[in-house]
Amino acid sequence: MLDRVRRDVERNALRARNGIKLVAGVDRPGVGLTPKDVVWERGRTQLWHYRSDKVKYSPPLLIVFSLISRSYILDLTPGNSFIEQLLDAGFDVYMVDWGEPDERDAQNRLEDYVDDYIPAAIDRVREISGAEEVNLFGYCFGGDLSLLYAAHHPDAPVRSLSVLATPVDFTKMGPMADIFRSGGMEIDDVVDENGNVPPRVVVQGFRTLTPTSEVTRYVTLWERLWNDEYVSAYSAMTGWSDDHIPFAGAAARETVQMLVRDNGMVTDRLTVGGDRVHLSDIRLPFLTVRADRDHIVPPDATAPLIDLVGSEDKHELRLSAGHMGLVVGKTAAKTTVPEIIGFLRKRSDESAPGPAAGQEEE
Amino acid sequence: MTAQTPPGTPLWRQAFDAAEKRVTPHAESLVRTPQFATGVGLLRRAQNLAKDTARGVSARAWHLVNLPAGTDLARLRAQIGALDREVRRLTVQLETERRRPPTADATPEETDADGAQPAVSARPRPARRGAQRPPRA
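Protein sequence lines correspond, in order, to chains A and B. The first sequence finishes on residue 362 if you use the UniProt record's numbering, and the numbering steps up by one all the way, no holes. The second sequence finishes on residue 137 if you use the UniProt record's numbering, and the numbering steps up by one all the way, no holes.
FYI, nobody ran anything at the bench for these hints, they're computed from the structure. Mixed in with the good hints, there may be bad ones.
[Claimed, not checked] Below, in silico cross-link-like pairs of lysine-lysine (DSBU-like), each with a Cα-Cα straight-line distance of 35 Å or less:
#1 A:K21 <-> B:K51
#2 A:K334 <-> B:K51
#3 A:K172 <-> B:K21
#4 A:K172 <-> B:K51
#5 A:K330 <-> B:K21
#6 A:K314 <-> A:K330
#7 A:K330 <-> A:K346
[What the hints assert, rightly or not] Covered, in the sense of this in silico footprint (three residues per stretch, anywhere, with C-beta under 8 Å from a C-beta of chain B), are these stretches of chain A:
#8 105-117
#9 120-130
#10 170-181
#11 185-193
#12 212-224
The beta-carbon is built from N, C-alpha and C at its ideal position, and this holds for glycine as well.
Pulled out of the complex, with its shape left as it was, chain B reads as follows (with noise of 0.2 Å):
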């Protein structure tokens, strides 16, 4: 018994605690070594290979019908994604150049963008004044 083991701990709890203090130590430096770490990587590698043979055989089926395969939309979504994703970037940029107070420094081909745009302005409505807002000294 440790002298960590609090009163009334079960027998079979302590012979637990016992091993696991034995254990621990030795896999939590086994998953450090550079052998474990070459390891998981090479596992993982097989595991792809043998996946991708699979999809590869059945990607070659499917296109033999003439139809797309598993991969084949995997592309076209990727594709979608990052088209999504310029079209948000796109979308935030917008967003903070309307919010932006518009400069003094103006060019003419700035101004005539500024009276282009619709009716309804396009700048950000006046920010509102929150309780937390210190007094104005």
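Excised from the complex, chain A in its bound form (with noise of 0.2 Å):
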């Protein structure tokens, strides 16, 4: 009984602590720390190339971003990050981030990135690398602009394909599309004065699909609070979810319009730069990685994506995780990243170590 009110006393102090540290924002674990170049860039978009001196695989992997989170997710923190473990692994690693859009972004559509930004990245990459190709990473939106492109760049220098946690069927994404598909919400009644979707729209969005995780997310940080590991894990996780970048007005339009109320890519209604696309036309080794627990892009939502794309090579991993547990923590160390990587050594060609990645010259 003694040794109970003295733990509690004790755990109580750490709250008190913790608490204090969370509110005041101190403290907080450094993200997306890995070291990186910025190799090319327009507008808001860069292309980092991150630093390596264990490259022994080619072509090297471009990671392709979501549109609407921020692409420290996948360079949580030191020792928690999958960048980090695909370059142990000896990946040389780029990423496409597409920054924060203001308002001189708002009149941007999907093929602006489909026909431009990525198709440019894949070349400055080339140019850094010296390879014929390169292996494509699309993950969750970032993975629908992967399959746009491929889809309308049959020809382009990609070796294989994976995507992460990428929507393919919009009637499955929960009530977040739904209001837009039958609830009559139009783009113009949610932008803000930079015709931009506005983050805390799509923070709320993402709210709506667990109504009640808010609370109980409140009630576990109480209960761990004098956990400072605890605390660590969370002010990065939680940090990273309410912390949402504007969505570019004219793509967010095109999304709702072909993606959501059309759900092109399950009925085959897709149009970039005004050209059709099918997904049928991708016939590169595809893997697409879906997460059973997923709360953000639901499972359901995802799984049409291995029969609608045309490869012979396609793999489709299910792993019990949630859309962060895809990348982040212990079950992706241990089964989503090494799957990866797996996949991707079967596409790569082993090489000779050499000088180290990174540090281009300009």
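Hints are included, so try docking the two chains, each in its own frame, into the full complex.
Following this line, the structure appears as structure tokens:
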């Protein structure tokens, strides 16, 4: 009894200390710390090249990130970083980060990303690495952009395509999509004075998917506030899930019409830059990874993808994880990442170690 | 107490978990009903209607004294944004064209166009051969 009282008193003292730290915003874990160089930029978009002296596979891996969230989830904290694991495995890793759109990006359409930025990034990667092609990797909505790119550019210099938590059946995306599909809401109803969908709308949309999770989150935090390790992980993870970026207005309009209302990926009604594109035209070696406990992109929304692409060499990896758990945490380190690395290794050539990647000459 | 409750879980947490377990399915099915989607849409429209009315009134007031209103500035920003996008797209497309190797069947016009370029070559420098490039067979 006395031990229990002593433990509770100690924990309450730790709770008070960690609570003050959280509220004051001090002692936040550093995120996105893996050393990298900006090797190309246009507007808010940057191409990052992660430094590594362990590169032993070619072609390089180009990650296309989502348009509505921050890319540091893939490089969360040292020791808990998807990027770090890819570098340790010997890949030469690049990432397209879309930056934070402002009023200059309000007119950006999906074709800007699919036909201009991704091809330009691939060209730059090939120029830097000397490789003839790249392995393309799309995360979340970045997976949709990668799919549209691969479908619209069947002769693209891409050796393989992997997508992670990528929605294709938007009828299964839950209330956020339903509001636009059956609720009659228009993107113009939610755009801000910059012409973009503000991040708070995106965050609210995701919160609607699990209406009670916000309360549960705070209750769990209170219960485990004494635990420094938990609080540090909480700060990094919830910091990311609350930290979205605006969605470029024109791209959002196109997404709602083509992907949500027409459900274009499933119904084969996709248009990029005025051209009809078909996912069945994708013939690349293909991997799709979906998470069974994903509350942001429900597994049913990703499930049809494997049957929609035309590749002969195609694989689906289904994991018992959440959206973030696919790339962050112990499950990711033990299951998702080794599986992805295994897939990419088979589609890469091993080469002799040479000069370190990164620190490009400009 | 449920079978999944870990040992040592405080009573208040057990009570919360029990309540949450009952409430969550109802809340999740509620937000997935067509009525919820319609309700959110209508609420948003009502908010926008009120906001637009207030903006219209203030814009008329500013225009009365011959000054631009926020809506005028928003329109200008949108136009500048559209222009910025066009310039960005053209720049990216130009970069891509410059990277593309010259074709053998270039027409005389294309050759002339190449000759008119500045003395500093617009073509990209040769690609660096990285360590990750596979050894030649």
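Each hint, compared with the structure:
1. A:K21 <-> B:K51: 38 Å, violated
2. A:K334 <-> B:K51: 51 Å, violated
3. A:K172 <-> B:K21: Answer holds: A:K172 to B:K21 is near 23 Å, not above 35 Å.
4. A:K172 <-> B:K51: 32 Å, holds
5. A:K330 <-> B:K21: 26 Å, holds
6. A:K314 <-> A:K330: 26 Å, holds
7. A:K330 <-> A:K346: 24 Å, holds
8. 105-117: This one holds; 7 residues, not fewer than the three required, reach chain B with a Cβ under 8 Å.
9. 120-130: holds (count 7)
10. 170-181: holds (count 5)
11. 185-193: Result for this restraint: holds, n = 4.
12. 212-224: It holds: at least three residues are needed, and the region 212-224 of chain A offers 5 whose Cβ sits within less than 8 Å of chain B.
When the structure is compared with the earlier hints, violations turn up for hints 1 and 2 and for no others.
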